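Q: The residues making up each chain are set out below.
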Amino acid sequence: MIRCGLCGHEFAEEEGIRGCGSCGKTCRMVRCPRCMYENPPEPKVVKKLKSILKR
Amino acid sequence: MALFGKKAGSGGAEEQAGKRKKVALVGNPNVGKSVLFNALTGAYVTVSNYPGTSVEVSRGSAVIDGKSFEIIDTPGMYSILPITEEERVAREILLHEAPDLVIHVLDARNLERMLSMTLQLIEAGLPMLLVVNIMDEAERMGLEIDIPLLQEKLGIPVIGAATAKKRGLPEIRLAIATADRSRHAVFGYGRRLEGDIGEIASLLKGGYPLSPKSLALLLLQRDEEVATLVRRIEGERSGEIEARVREKTFERRGSFHLDLSLERKGIVRGILAGVLREPDQRRVTFNERLSRLTVRPATGVPLLLAVLYFGLYKFVGDFGAGTLVDFLEKKIFEDHFNPWVTGFIKGILPWEVWQELFVGEYGVITLGIRYAVGIILPIVATFFLFFSLLEDSGYFPRLALLVDRIFKKLGLTGRAVIPMVLGFGCDTMATMVTRTLETVRERIIATLLLALAIPCSAQLGVILALLSKAPGALAAWSVCLLLIFLVIGFLAARLMPGETPMFYMELPPMRLPQLSNIFTKTYTRMQWYFMEILPLFILASVLLWLGKITNFFERMVEWLSPLMAALGLPRDVAVAFIFGFFRRDYGAAGLYDLQTKGVLNPRQLTVAAVTLTLFIPCVAQFLIMKKERGWKVATALGLFVSTVAFGSGWLLNQFLLVTGLV
Chain A
1 MIRCGLCGHE
11 FAEEEGIRGC
21 GSCGKTCRMV
31 RCPRCMYENP
41 PEPKVVKKLK
51 SILKR
Chain B
1 MALFGKKAGS
11 GGAEEQAGKR
21 KKVALVGNPN
31 VGKSVLFNAL
41 TGAYVTVSNY
51 PGTSVEVSRG
61 SAVIDGKSFE
71 IIDTPGMYSI
81 LPITEEERVA
91 REILLHEAPD
101 LVIHVLDARN
111 LERMLSMTLQ
121 LIEAGLPMLL
131 VVNIMDEAER
141 MGLEIDIPLL
151 QEKLGIPVIG
161 AATAKKRGLP
171 EIRLAIATAD
181 RSRHAVFGYG
191 RRLEGDIGEI
201 ASLLKGGYPL
211 SPKSLALLLL
221 QRDEEVATLV
231 RRIEGERSGE
241 IEARVREKTF
251 ERRGSFHLDL
261 SLERKGIVRG
271 ILAGVLREPD
281 QRRVTFNERL
291 SRLTVRPATG
301 VPLLLAVLYF
311 GLYKFVGDFG
321 AGTLVDFLEK
331 KIFEDHFNPW
341 VTGFIKGILP
351 WEVWQELFVG
361 EYGVITLGIR
371 YAVGIILPIV
381 ATFFLFFSLL
391 EDSGYFPRLA
401 LLVDRIFKKL
411 GLTGRAVIPM
421 VLGFGCDTMA
431 TMVTRTLETV
441 RERIIATLLL
451 ALAIPCSAQL
461 GVILALLSKA
471 PGALAAWSVC
481 LLLIFLVIGF
491 LAARLMPGET
501 PMFYMELPPM
511 RLPQLSNIFT
521 KTYTRMQWYF
531 MEILPLFILA
541 SVLLWLGKIT
551 NFFERMVEWL
561 SPLMAALGLP
571 RDVAVAFIFG
581 FFRRDYGAAG
591 LYDLQTKGVL
601 NPRQLTVAAV
611 TLTLFIPCVA
621 QFLIMKKERG
631 WKVATALGLF
641 VSTVAFGSGW
651 LLNQFLLVTG
661 LV
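Quick note, the sequences are listed as chains A and B, same order. If you read the first sequence in my numbering, its first letter stands for residue 1, the second for the next number, and so on. If you read the second sequence in my numbering, its first letter stands for residue 1, the second for the next number, and so on.
If you're looking for bench data, these hints aren't it; they were derived computationally from the structure. Since the structure is predicted, the reported quantities are computational estimates derived from the model, not experimental observations. Be a bit skeptical, because a hint or two may be false.
What the hints assert, rightly or not - Short, incomplete list of chain B residues facing chain A, as computed with Cβ under 8 Å:
1) G66
2) L422
3) Y523
Ideal placement from N, C-alpha and C gives every residue a C-beta, glycine not left out.
Whenever a hint applies, use it, and build me the whole structure from the sequences.
A: In structure tokens, the structure reads:
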């Protein structure tokens with residue numbers, strides 16, 4: 001879950017708007033579907049760590 | 001959008017689901033539906049647009065007590081009578097997909113406001129479970145909610161929870177597994193309203209997914225989709241129903257919605273009597289008190305200045321750009337790494353031109369990598385750490401409210417605070433986000449101000465680092481930028497015709513930032529940033545090397561020399577401006593380099609920093625300006641920004657020469 005840093009909206013990473021790439025940058029931020037604020041997604045390392053700890 | 005008539009669902013996914021029971025999560029936005037959805041489903045989730053709409057719906061699987069369930073996370077809805085497309089989709093799921101259980105998730109802190117929808121769902125005859133979420137925050141506020149009594153009054157299972165803290169999850173799972181759809185209480189409205197509802201409901205003879213009472217109420221509220229459904233199901237009888245609905249709505253014209261809303265409020269108050277106990281004097285938590293202080297101008301502005309002083313000046317400027325850069329750039333690169341790598345490259349590459357490419361004045365390693373790792377990285381690391389801390393505390397929306405009044409004078413609304421705050425991260429992204437502003441006028445003003453006076457994080461970090469060593473310079477730079485931002489915005493608002501639309505923003509609660517969140521966000525931002533800048537810095541070094549060996553670079557510096565002289569700057573500063581064409585932060589790093597070599601005095605440093613901050617946006621931002629506003633507007637804005645940048649630099653230089661302030 002991502003909690004938007006601006007409006008506080010909680011959304012799943014899949015619900016967020018991914019960088020469209022139209023600015024030519026390698027932006028991997030996830031934009032909040034409610035206010036468009038760009039939020040950093042959880043790094044893969046952290047996701048992996050969490051899944052290991054869950055087991 | 002006529003959602004009732006068509007086959008909804010997710011095709012193959014639904015077939016696969018077979019006879020799995022469906023559980024739909026409904027409720028207002030921001031009540032923790034998605035948290036509950038994730039807790040129930042784990043990793044087995046699909047997200048797809050609801051057929052015929054652009055609204056995304058998440059579906060997942062859960063096995064509870066040996067039984068398999070399909071869990072659907074519906075878009076936020078405030079009422080069973082839809083207004084937005086999201087609400088239409090949420091209602092369509094309730095009606096067409098006939099869930100075996102509807103879990104209404106509501107916020108314990110706003111029980112009175114949200115319980116009205118629970119009544120509507122019960123009234124519709126849907127199988128219900130009520131989750132009173134965010135109980136932990138409600139308790140902290142001193143609210144007491146008697147969950148067993150609420151359950152008794154509503155006649156449906158009710159669970160108190162704090163899903164973000166995993167509280168109540170076992171009870172919710174158990175309730176899903178043992179759901180009993182036969183029980184629920186019945187609520188009556190006033191005699192007249194009940195009479196009207198009863199008259200319409202008695203005419204509905206077909207089979208519907210909602211109770212006749214609920215349908216009658218929606219018809220009386222002129223719900224077009226329900227009217228279409230009734231026409232389709234009732235056939236010839238629909239004429240009489242429509243005539244009766246018309247008659248009733250005419251009789252109660254103007255007051256029906258108000259009457260219904262007041263009656264529902266009355267019922268909710270009745271239910272909550274004895275259930276909800278608020279302290280005589282509501283306990284104001286520290287976070288709430290702090291939240292109030294941040295949005296009131298009298299306290300909010302000093303607090304903002306304190307945040308900027310300790311966060312940006314002391315932490316980013318003193319620690320990041322001072323201690324860390326001194327260590328990395330001077331101790332590691334200048335004293336050890338660069339001499340070693342220069343010797344190594346010269347040993348294996350006998351040709352001077354190729355040596356220059358890697359370890360020369362503009363070498364890929366001695367300039368590009370040194371800038372990226374030795375100067376930019378420690379500065380943006382401290383900046384992102386500070387930024388993530390503020391972000392996780394919930395300070396940004398309060399900052400938006402604080403500056404909202406000033407923004408209105410610039411022809412913008414509080415909504416424009418979003419791209420402006422974003423601009424301090426990345427101006428390119430922020431320029432794209434201006435499309436969310438309501439009017440073209442607002443979009444142009446916001447694009448102009450972003451291109452002109454909002455430095456991106458890297459540029460801001462480097463400039464703060466540069467200027468923090470000369471406090472007078474930092475004050476002059478800040479005042480200049482603020483003045484230009486306000487004056488240009490104010491003039492743009494006067495010169496461009498149009499009205500400023502309304503804006504309001506819901507404030508999420510302020511909270512103690514979580515260390516794990518801060519480090520995760522900082523790490524992700526740094527990783528993304530470094531991966532983005534490193535290739536660009538290397539490319540810029542190669543181009544500069546090419547420019548040097550072809551003498552093109554020298555000619556550019558020569559060409560810019562009169563401009564530098566007019567600004568009272570040494571000829572070498574032209575190099576930083578040429579760097580700035582590639583990227584804003586690259587230009588700022590160039591300035592940093594010049595300052596450490598002692599080329600600039602404090603006055604020249606201030607003038608160069610102001611001009612470079614205002615200077616033409618980086619290539620990526622310019623391309624997005626062109627994409628969003630078109631060639632004409634983007635070129636006009638680019639020319640205007642450059643003129644203002646050099647004009648302001650010239651004026652500032654004259655002012656500082658006369659006053660000797662810096």
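Q: Each hint should be assessed against the structure and marked as holding or not.
A: Evaluation of the provided hints:
1. G66: violated (21 Å)
2. L422: Since chain A brings a Cβ to about 6 Å from L422/B, closer than 8 Å, the hint holds.
3. Y523: Status holds, d = 6 Å.
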